[in-house]
Structure formats: C-alpha cells, structure tokens
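All chains should be built: construct the whole structure from the sequences, respecting the hints.
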Amino acid sequence: MAPVDSAIASNLLTIGAERLALLGKHHKALMQGYLDGFVDETAFSEGALKKLIAARILWRPDEQQPLALRPLVSELIASMVADENRRQINADVAEKLEQIRNRVQAYRDAQYKGDYSVAELQLQRLTEQVHDLSGQFEEAIDSLWHRLNSDFGFVASLDDKIRENERAQKQLRRLLDGLDLLDFNELIELSEGNNHLRKLLVSQLQNQLSSHHSSLLEVQKRLVELLAKFRQQQARSMLINNMAAFLRQHPKYQPADYPNRTDVPALFNQAAIIKPHAAIALDKASERQILADLVRALPRTKATQLSETPAASFAQQWQDDAIAARQQALKTDVENFYLRVIDHGGKLSALDYLAQQQLEWDSEIWLYQIIAEYQALPLDEKQMFAIVRDEAPASSMNQLLLIRDISLGLKAA
Amino acid sequence: MLQHGPLLERLLAGEFICCITDEDAFRHLSVEQTQHDINHYLRPLNRRLVANEDNSVFFLGYHELTKDAREQLSGLFALTVQSLLPLLEWLQLVQETLGRDSALTAGDTIKLQEFILRTEDNQSLRQRLNQLASDRFFNSQSEQLDNQVKLIFRRLKEHGYLLQPHQERQYYIVTGKIDYLIDVIRFIRDEEHLPVDDTPTQEALI
Numbered sequence: 000m001a002p003v004d005s006a007i008a009s010n011l012l013t014i015g016a017e018r019l020a021l022l023g024k025h026h027k028a029l030m031q032g033y034l035d036g037f038v039d040e041t042a043f044s045e046g047a048l049k050k051l052i053a054a055r056i057l058w059r060p061d062e063q064q065p066l067a068l069r070p071l072v073s074e075l076i077a078s079m080v081a082d083e084n085r086r087q088i089n090a091d092v093a094e095k096l097e098q099i100r101n102r103v104q105a106y107r108d109a110q111y112k113g114d115y116s117v118a119e120l121q122l123q124r125l126t127e128q129v130h131d132l133s134g135q136f137e138e139a140i141d142s143l144w145h146r147l148n149s150d151f152g153f154v155a156s157l158d159d160k161i162r163e164n165e166r167a168q169k170q171l172r173r174l175l176d177g178l179d180l181l182d183f184n185e186l187i188e189l190s191e192g193n194n195h196l197r198k199l200l201v202s203q204l205q206n207q208l209s210s211h212h213s214s215l216l217e218v219q220k221r222l223v224e225l226l227a228k229f230r231q232q233q234a235r236s237m238l239i240n241n242m243a244a245f246l247r248q249h250p251k252y253q254p255a256d257y258p259n260r261t262d263v264p265a266l267f268n269q270a271a272i273i274k275p276h277a278a279i280a281l282d283k284a285s286e287r288q289i290l291a292d293l294v295r296a297l298p299r300t301k302a303t304q305l306s307e308t309p310a311a312s313f314a315q316q317w318q319d320d321a322i323a324a325r326q327q328a329l330k331t332d333v334e335n336f337y338l339r340v341i342d343h344g345g346k347l348s349a350l351d352y353l354a355q356q357q358l359e360w361d362s363e364i365w366l367y368q369i370i371a372e373y374q375a376l377p378l379d380e381k382q383m384f385a386i387v388r389d390e391a392p393a394s395s396m397n398q399l400l401l402i403r404d405i406s407l408g409l410k411a412a
Numbered sequence: 000m001l002q003h004g005p006l007l008e009r010l011l012a013g014e015f016i017c018c019i020t021d022e023d024a025f026r027h028l029s030v031e032q033t034q035h036d037i038n039h040y041l042r043p044l045n046r047r048l049v050a051n052e053d054n055s056v057f058f059l060g061y062h063e064l065t066k067d068a069r070e071q072l073s074g075l076f077a078l079t080v081q082s083l084l085p086l087l088e089w090l091q092l093v094q095e096t097l098g099r100d101s102a103l104t105a106g107d108t109i110k111l112q113e114f115i116l117r118t119e120d121n122q123s124l125r126q127r128l129n130q131l132a133s134d135r136f137f138n139s140q141s142e143q144l145d146n147q148v149k150l151i152f153r154r155l156k157e158h159g160y161l162l163q164p165h166q167e168r169q170y171y172i173v174t175g176k177i178d179y180l181i182d183v184i185r186f187i188r189d190e191e192h193l194p195v196d197d198t199p200t201q202e203a204l205i
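Note that the protein sequences, when read in sequence, are chains A and B.
Each residue of the first sequence is one higher than the last, beginning at 0 in numbering that gives the first Met the number 0.
Each residue of the second sequence is one higher than the last, beginning at 0 in numbering that gives the first Met the number 0.
Any given hint could be a false lead.
To be verified - Straight-line Cα separation of at most 35 Å, DSBU-like style, residue types lysine-lysine; simulated pairs:
(1) A:Lys-198 / A:Lys-95
(2) A:Lys-330 / A:Lys-381
(3) A:Lys-274 / B:Lys-149
(4) A:Lys-410 / A:Lys-381
(5) A:Lys-49 / A:Lys-24
(6) A:Lys-112 / A:Lys-95
(7) A:Lys-95 / A:Lys-24
(8) A:Lys-346 / A:Lys-381
(9) A:Lys-228 / A:Lys-169
(10) A:Lys-220 / A:Lys-169
(11) A:Lys-198 / A:Lys-169
(12) A:Lys-228 / B:Lys-66
(13) B:Lys-156 / A:Lys-228
(14) B:Lys-156 / A:Lys-251
(15) A:Lys-274 / B:Lys-66
(16) B:Lys-149 / A:Lys-228
(17) A:Lys-27 / A:Lys-49
(18) B:Lys-156 / A:Lys-274
(19) A:Lys-251 / B:Lys-149
(20) A:Lys-251 / B:Lys-66
(21) B:Lys-66 / B:Lys-156
(22) B:Lys-110 / A:Lys-274
(23) B:Lys-110 / A:Lys-220
Calculated from the structure, these hints are not laboratory results.
Structure follows, in structure tokens:
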C-alpha cells in the first residue's frame, strides 16, 4: 500500500507544482482578471488558456460569459491581499467537526489493526484538520479586525459602511454559533486514553478556541461601538442637512425666547466675557527690588529740547465796526422773529415774516441766521421749537437739496 | 485653585474648553471635585461651569439670572440664531467639497489649500462659497476665492469652532464647539417640534 501511496503522492507533487507554477507564470494577467472580474483572453496564448482551465484556475461560468478566475482562486487572492470587499469568511464548523470525528475513528482503527504507518498518516491528517479549524477562525478574526481598524474604509459612503458593519456582525454571530458547536466533553471522550489525541484535541484546540472566543467577543464589542458611531454620524449629517433646508425655506423663522424663560436652558446660558487685568502693586516691600530692576531695564527715551519757535497768531480778530453793527442788527431781527413765533403760537414762515416786516436782509442770509440761532439755543430750549425746512432737490442728477424756506413753530409741550 | 489659574482665565474670556482645545484642562474639568472648586471660586463673579449634554465641552454661564444677565443672554441668543444657517451651510459645503462621507466632528482636520483647490475647479461650489462668504455672519467684501476662504476660516476660529495649531500653517482642527452647535440645533428642533428628521427612514436603511 505504501508504494502506491507514494506514487500518488509524487504524481500529486508534480501536478500541483506545475499548476502552482502556472499561477506564477501568468501572475499579472490573472491579477488583472481578479480586479476586472473577468480575464482578457487575448493576453494568453491558446495553449496557456487550455492549461489554466485544466488546472481549474480559470473557468467559464456561462457560455456567453468571458473566462474568469475560479471562486477558490479569487478567495485565495482576497485573503492574501486582505481585500475586504471580496474576502470570504467560512463559518462552517459542523462539516469540519464531522471530518475530525471520522479521522479519529480511522486513526483508532489503524492503531487497532497495528497498521502504524497508516495510523501515522491519519494522525498527520487529523493534525492538519485541527489546524484548519483553528485557522479558519483565525482568518475570520483577522479579516474582522482588519475591517474594523480601517473603519470600513474600503467602502465609500456611510450607508455602505453601516451595511458592511451589519454584515460583519452577522458573520461574527455565525462564528460564535460555530464555536458553540464544539463540545469539549465530546472531544475529551474522543481522545480518551491517547496522549497524542488528548494533546491535539483537548489542550491545544481548547486553548486556541478559547482565545478565538475572547477575540470574537472583543471584535463584537468594537463593531457595535463603531456601528453606534456610524449611526451617530449619519444622524448628525441628516440633522445638518434637514435643518439647513428648513431654515432656507423659512428665512423669517424665530425660535422661542429661551433666555427669558424662568428656566434658561443650560445651552443658552453663556456668560459675558470677563477679562482679568492686573497692575504693578507698590505695596509689597519685598517686590520693590524687582520693580526697580524692571524700571531700570526700560529703554530710556532721550529728552529732546524743543527750541522756541514763534507760532503764528490766530488770536488777532479782524474787526470792523460797521460790519459788527450790521451783524448785531441781523441778530436782533432774528430774535424778534423768534419772539413773534412765541407770541403768535402758530407756525410762521421765515420768508413771509421777512416780507411782512419789510426787512432789507437777503433771504439767504436771513435763513442762515435763523438756523444759526436755532443751533445756538440750549438743548432744552431747542426742544421748544419745531423747525421745518422746506426743501427741494437741486436737480434730478444728484441728491442735493436746497432750502427754500423755513417755518418755525412752537412744539406742544 | 492656583494651578487652574490659566484655565479660569480662558473660561472667563468666554472660551469653550473641549478635549481638542485643551486636553489637560478638559480632563481636569471632567473631575467632579474640580468642577465644584471652580464653581465655588466663580460664585462671587456670578458665574458657573456649564457643560453640554454629553459633557464634551465646557463654558461659563451665569449663576443667577439677573436682569442684566438675561439681557446679555438675549443678545447672544439672537446672534446664535442668526449664525445657524451660515454655519450649517459651511458644514455642508466642507463635507461636499472634501468629499467626506460624514459631517464634520470634533478633531477633524481641514487643510485650507485642499479646500481652495477643490472649490476653484467647481463652478457650483464656487458660487455657494461666494454666497456664504457674503453672508453677514462672515461678511466678506472680497471677490477673491482665496481671501473669502481665509476670512471664513478666520471668523470660525474667532468664534471658537476651529483651532489653528500653527499660526503660519494653513490647517485647522474642528473643536468641540461644533458639538455644542449640533446640541443647540437639536434642542431647538425638539423644543419647537420642527419637522427636521435625523433618523434615516426604513428605505434608506435597506
């Protein structure tokens, strides 16, 4: 039996090595096929295509479809490059468990028969399967952590991230269910009386699986936290967009007067600024020395002597008795006008008064003086008079207004 | 109290303290005993510590709401209400311009140059920015994109929404005051029953 086995093994070796070499030989085109979802058949020679198909690397899913990588090859690449979009998680434990049971049985049978080389081989296979089982969890956990640590950055939108997170949580639940299927009492029973089996199935596997279990729980906690964060971000974006839309639609919108409620909401209780100022204190004897040093360190400004220069005199008033007399006469007439207004009570036009009294003043000067007199009044007296200017625009070209007349009246006290 | 001197000064000057603006101070403020001490100290000034709902940002409020205090609060509230739309529009604009998948949160970094570059090439973004810059909250008189963006970011820095770690380097970090802004909006929404949703509908989830 052994020679046949070794023949098969050597046959497997050559075929396997050849086919693995195929992967290497066409690495670029195959990787492009992985990225595109189909392979470009023109990139290969006809012979190469045939070999790749025979090696179960490429296949044609449908007659109309282009050639593509077989799912297992895609999965291999996804796992190698940690491509979380395509990476598969295998949570199937029941099947592996069944295989382990069968292997243990075969191993025991071989031992019973005394066929030690077969028993050795079975134990070898069993070891592989146990590692497979553990590795399956390890791969899944690695993938989950990878996605978690990249904040699900391999998908673009927040909605996608939330969906991916939910998918990861489902996978995680399946993995945990799978772990639950492993019954250590059964494994202990299986390995009864055999040191190798006990070591493999009980101490080693149990160790690994319990560490996987705690990793998975940790990942689960983090996934839930991250999902909460995503949801919060989503809520925030929606709040911002919807509130902005609302405010745009209702430009006159005014919320209630919160600051004047009995209970002011804490959010709106934002006190006015107080800026603490400090000055040098002279009352502390101990600090005098420091202050003196500070003063001494001040850069000195040179006292510059200003030479005396004669200043232009503005005080000299230009006087002319005749003009002063006219000025006084105008003032008196204006005062009379004010007195008339007070006596009369009603409104009085300045120009009408000028004409009525047959005064000789130029109307412009007259109006000026009335305004000047009004401006010179103390504030409380000013308030007694109502001064109304009759104005008209100078031209349609600008905003200049000309005063035509002034009417003065007493304000109702 | 002496060790909290600089922190007190910042608080009195109207700053919002969060873990971005001052991590150490924020940690101190999160301790109940420190809060108590600071409140005790501020009592004669008629001030007290106030935090937002999830305690991510602290600022000073009045201890007793006197007439003057209420007047001041009214004025401030009017300003806050006025600033809501420009701030929300800015948040939207940044999110869209930088192609982010979520709204800005405390701790996010914005590079001014990147923002300008992306706005430059896009007519509609450019126009929205133009409009935003001339809003009276930002009040830009300039026609230049560069100046408008710089002014907007400077104003936001003055209002405490952004932090500029290096004076001469043009990048900004979003502070916890953004959380405060969101809290204010949520509060107004809830209080006035505004038709403003923040939970995705079932269709959006599927």
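Hints versus structure:
{"no.": "1", "hint": "A:Lys-198 / A:Lys-95", "result": "holds (18 Å)"}
{"no.": "2", "hint": "A:Lys-330 / A:Lys-381", "result": "holds (17 Å)"}
{"no.": "3", "hint": "A:Lys-274 / B:Lys-149", "result": "holds (28 Å)"}
{"no.": "4", "hint": "A:Lys-410 / A:Lys-381", "result": "holds (10 Å)"}
{"no.": "5", "hint": "A:Lys-49 / A:Lys-24", "result": "holds (14 Å)"}
{"no.": "6", "hint": "A:Lys-112 / A:Lys-95", "result": "holds (26 Å)"}
{"no.": "7", "hint": "A:Lys-95 / A:Lys-24", "result": "holds (33 Å)"}
{"no.": "8", "hint": "A:Lys-346 / A:Lys-381", "result": "holds (15 Å)"}
{"no.": "9", "hint": "A:Lys-228 / A:Lys-169", "result": "holds (18 Å)"}
{"no.": "10", "hint": "A:Lys-220 / A:Lys-169", "result": "holds (13 Å)"}
{"no.": "11", "hint": "A:Lys-198 / A:Lys-169", "result": "holds (33 Å)"}
{"no.": "12", "hint": "A:Lys-228 / B:Lys-66", "result": "violated (42 Å)"}
{"no.": "13", "hint": "B:Lys-156 / A:Lys-228", "result": "holds (26 Å)"}
{"no.": "14", "hint": "B:Lys-156 / A:Lys-251", "result": "holds (27 Å)"}
{"no.": "15", "hint": "A:Lys-274 / B:Lys-66", "result": "holds (21 Å)"}
{"no.": "16", "hint": "B:Lys-149 / A:Lys-228", "result": "holds (31 Å)"}
{"no.": "17", "hint": "A:Lys-27 / A:Lys-49", "result": "holds (18 Å)"}
{"no.": "18", "hint": "B:Lys-156 / A:Lys-274", "result": "holds (19 Å)"}
{"no.": "19", "hint": "A:Lys-251 / B:Lys-149", "result": "holds (29 Å)"}
{"no.": "20", "hint": "A:Lys-251 / B:Lys-66", "result": "holds (27 Å)"}
{"no.": "21", "hint": "B:Lys-66 / B:Lys-156", "result": "holds (31 Å)"}
{"no.": "22", "hint": "B:Lys-110 / A:Lys-274", "result": "holds (32 Å)"}
{"no.": "23", "hint": "B:Lys-110 / A:Lys-220", "result": "holds (33 Å)"}
Hint compliance for this structure: hint 12 is the single one not met.
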